[in-house]
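Once you've looked at the hints, dock chain B against the given chain A.
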Amino acid sequence: MEFLQPPGWREALEARAAHPDALPIWGGTDVMVELNFARTRPAALLDLTHVPELSRWESEDGGVRIGAGVTYTRLIAELGDRLPGLAMASRTVGSPQIRNRGTIGGNLGSSSPAGDALPPLYAAGASVEVASVRGARRIPIDEFIVGPKRNVLGEDELIAGVFVPVRDDAAQQFAKVGTRNAMVIAVCSFAVDVSEGRVGTCIGSAGPTPIRAREAEAFAASAAPEDAAAREFGELVAAAASPIDDVRGTAAYRRHALSVLARRTITWAWETRCA
Amino acid sequence: MKVAGQSVPRVDGPAKVTGRARYALDLTVPGMTHGAVARSDRAHARILSVDTGEAEAVNGVLEVITGASLAPLDLRFGHVVRDHPALAVDRVLYHGEPVALVVAETRRAAERAARLVSVDYEDLPAVMDADEALGEGAPVLHPERIERTKDEGLDQGGEALVGNLCAAADFGWGDVDAALAAADLVLEGEYRYPMLYGYAMEPYNAIASFEEGSLVVYSTAQHPYMVREDLARIFALPLARVRVVVPYVGGGYGSKSYTKVEPLAALGAYVTGRPVRVALSVEESILTTRSDGARVRARSAFAADGTLLARDFDVVMDSGAYTDNSPVVCAKLANRCFGPYRIGAVRVRVRSAFTNTVPASSLRGFGAPQGNLAGELQMDDAADRLGIDALALRLKNVVRPGEEILPGKRGIDADLPADLDLLTTSLGWPNAPEGRGIGFGISASDAGAHPTSVAMVRLHADGSASAAVGATELGQGSRTVLSQILAEQLGLPMEKVAIVAADTGVTPYERTTGASRTTALVGRSLMAACADAKRRVAELAGEGAEFADAIKAFFGAGGEIIGVGAVRRHGEFRKMPPFWEIGCSGVVAAVDAETGRVRVEQLSTVGDVGFAINPALVHGQDLGAATMGLGAALSEQLVYDGQTLANPNVVDYRVPRCSDIPERLDQILAQRQDGIGPYGAKGAGEGTLNPVGAAVAAAVGRIVGRYPRELPLTPERVWRLAQTEDARV
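Sequences listed follow chains A and B, in order.
Numbers 1 to 275, taken from UniProt numbering, label the letters of the first sequence in order.
Numbers 1 to 729, taken from UniProt numbering, label the letters of the second sequence in order.
Please keep in mind that the hints were generated in silico from the structure rather than gathered at the bench.
Using N, Cα and C, we set each Cβ at its ideal position, and we do this for glycine too.
Hints may be right or wrong, so weigh each one.
To be verified - Residues from chain A shown here face chain B by an in silico Cβ test under 10 Å; the list is partial:
hint : residue
1    : F37
2    : D246
3    : H256
4    : A257
5    : R264
What the hints assert, rightly or not - Residues from chain B that keep clear of chain A, each with C-beta distances beyond 12 Å, as calculated:
hint : residue
6    : T18
7    : Y23
8    : V29
9    : D90
10   : W173
11   : A181
12   : R274
13   : A304
14   : G428
15   : R458
16   : S466
17   : A531
18   : E543
19   : I562
20   : G571
21   : E663
Unchecked claim - These stretches of chain B come out as covered by chain A in the derived footprint (C-beta under 8 Å, 3 or more residues):
hint : region
22   : 594-605
23   : 644-654
With the rest of the complex left out, here is chain A (with noise of 0.2 Å):
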């Protein structure tokens, strides 16, 4: 297996034009998995962890761009007050070396439906910062995952960030049950993601890939914040969940779960607006 290791993101994407078959790899916390487990044998490995570029973050016009190399840890210390949703759902991967060593890229990179950065990611409205030696392209965060651990990345393109609309009086809120990467425990977590006129939201780890719940979005925009309307809501996301059955649990249980969630998490992100 061959090992790149660009000390910069022109070469980087250069390294990456000529080995489209090399696998990304930045803190290792996904893709060692894999590698240990044999399931993948890429011809090349491309470590990003010496470009400077990648590790970087900054306030644009109604957001912030975040560098595909931003581990969760940074992400809770530096934008946890920007993004809270975010760091909340930081906060609840695994241990404190998977945190300082996973990254946003990675997640978005391997596009797990059980991700734990994407929920918060699709119920904001993010875009993924693509780029290569042809040049760059932002996409529509449900528009770059397309299945499971599936992308429209091309070949030749790499992930240089994504792009998080911040809205000044945005309430956000992440929950989950279970914990990732525990077999036999039914998973599914959710986001949402409430400012004037809009709601946001994302159920993760339910489905092929994330989800957001279009019609709880809508009704949620114009509902009385009140527990009725909090229950429709996690009624609705329910229904827009695709669980099945497998030896972790039963949709049943996953669908429940999610309106559990669904209904908690917005009820504490009106708490938190009229607050």
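Below, chain B without anything else, positioned relative to chain A:
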């Protein structure tokens, strides 16, 4: 006492925390080669042929060894029944079974070649469920049954072993049916305890070589003397020419009891003439040994005043593809399931079934947690139904010090009512905090195993002393505790004593390092050896002489005095078990009833150890064991999806993490010096685990209004329990 009873620092602590301690995996032997295992991808199949050509062609490969290629060697091992081939010969009995061993110059070449071994199979019907395996028409895994080894130290079964019956235990007393008919309350239920993997940081590994006519093996074995017997038989060598050396072991918990990869490494060395290392990954270790899952049908009969009149247990264990240690687990489960209570009538029937799954063997607790779940939950349920406090109900029925719970066996060497009092005081029973539930329970395990232990003490000319013992250091602290006993007996400071351990070529015989026996039994053989050495000193130089002076007077220059001691099933060790290991644990838990998530907020344990020679080590054992119990209670379970394991790795099989440890830990020691070990000590290391499953289930049951009957308590199971209308689930 000066040293015994003190939490002296671990003798291996500095080496371990600085990474200098050597484990089998750290060793290399000159000329060492590497073995990798090709495994079956079928649950039950006949091997038609094995194509090793492609594997042999890989650069660096020395040999590709199959079961058939080794005839006429008999590859089977097993301390109870020799039915477990190191490599499958004509059939595979489970997905993951070793079918070939590749030996190569590098591990990488060996692993690559192992993937290229191609086996032509004819599939056979498989049976994945233990009850089905014992039913009519199930495919039989072992049509030719092999006689048991004649070892009086291993509990033998009752029924004739036919079909897929691997082992059975069947006994009782009193008229159970009459008691059930006359009782005011009869509880009946079916309970399930999961099959588990005893996760240890160091996976199974061994290095083997043949040197000057002897087989030398470095390994992770907990019981090197048992492994020595298997190897001696396979290679037709005398015990004197098999040397099994066990350096530090990175966790055992019973999962490293008995023979694992040692025959594979030895076969590699036998065929190639080179030293061979076989080092499994964690994933392969999961495919090597697991614990017995159990389905427990239990009935308990009570009088209106709470008197426990009768218990009736019918248990089926899922024991996997080979016998291994399941017959002993079966016997122990039977002895431990009904609890340390006075019961007029008892009927126990435990059957261990072969299935086409990973073979089951020992794991911490050893049959106790499986049965305890049913037994203790029925105590809680009965208390509710009779309107009696659950503590009062237990106190009414629990045996008093010295009373027998198994006819003819040693009486209980513990004060259980006092232990329950300490435990429930810590838990605040019966007043649970708002929205919380308290659960607790008790257990008694016939521990110590067959009491055979030999120790040797050497008094040196400079006034220092060392001891040679066969016990392994698994992280439990055996070398520290044995050092303390040696220092105490000889009146030496810790700096002047040392332990040499677990090398069958050098150290005296030790039957096992299991059944929580080392402190009590090795401790006593070591004390006997010290007494013997002191007697020799007195003979040479008179009573009260310093041993350094005695050595000098006798030898003039250099020299040493050796004392030997032994414990055997004789005298005060005649009655079995050598001691009872008590479990007395409880929790305070919270439940999110809507999602089913359980959070254990407090864990309390009572370590009824007689005397804590090193209290800090006992605390470590008590907390570690109880935490393993929490794993089984909340998240650990090996799950079969069809004929393969769905979670054969520690990413998907979830052992507890630091964040799962309860915020409040109360670890209580009960020291009444009522044990057979040194200074009145008894064993520790398993007891606190045994009641934890039932305790967590009881706490959850008290919150949601009905008691669970299946572990682990995943959020979905708890949610379903809370949804169930039928209060008698």
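Note to self: Does H256 of chain A hold up as a contact with chain B if the rule is Cβ-Cβ below 10 Å?
What the structure shows: 7 Å, holds
Notebook entry, point to check: Going by Cβ atoms, does A181 of chain B stay more than 12 Å from chain A at every point?
Noted result: 40 Å, holds
Next item on the list: Mind verifying the non-interface call on S466 of chain B? Its CB should be farther than 12 Å from each CB in chain A.
Entry: Consistent with the label, S466 of chain B stays out of reach of chain A, its closest Cβ about 40 Å off (over 12 Å).
Notebook entry, point to check: If you take the shortest Cβ to Cβ gap from F37 of chain A to chain B, is it below 10 Å?
Noted result: 7 Å, holds
Check: Does I562 of chain B sit more than 12 Å from chain A, CB to CB?
Finding: Non-interface label stands for I562 of chain B: nearest chain A Cβ at 49 Å, farther than 12 Å.
Checklist line | Given coverage of the region 644-654 of chain B by chain A, tested with a Cβ cutoff of 8 Å and a minimum of 3 residues | finding: Since 7 is at least three, the answer is holds.
Notebook entry, point to check: Any Cβ of chain A at or closer than 12 Å to R274 of chain B, or is the non-interface label fine?
Noted result: R274 of chain B is indeed farther than 12 Å from all Cβ atoms of chain A, at 27 Å.
Margin query: Using Cβ atoms and 12 Å as the threshold, tell me whether A304 of chain B really stays out of contact range of chain A.
Written below: Consistent with the label, A304 of chain B stays out of reach of chain A, its closest Cβ about 40 Å off (over 12 Å).
Next item on the list: Would you assess whether T18 of chain B, listed as outside the interface, keeps its beta-carbon beyond 12 Å of every beta-carbon in chain A?
Entry: At about 20 Å from chain A, T18 of chain B clears the 12 Å cut-off, so the statement holds.
Item checked: Y23 of chain B non-interfacial with respect to chain A [C-beta, more than 12 Å] -> Non-interface label on Y23 of chain B holds, nearest chain A Cβ at 20 Å vs cutoff 12 Å.
Next item on the list: Identify whether the interface hint at A257 of chain A stands, where standing means a beta carbon of chain B within less than 10 Å of its own.
Entry: 5 Å, holds
Margin query: So A531 of chain B supposedly isn't at the interface. Is its beta-carbon more than 12 Å from every beta-carbon in chain A?
Written below: 50 Å, holds
In summary, this structure violates none of the numbered hints.
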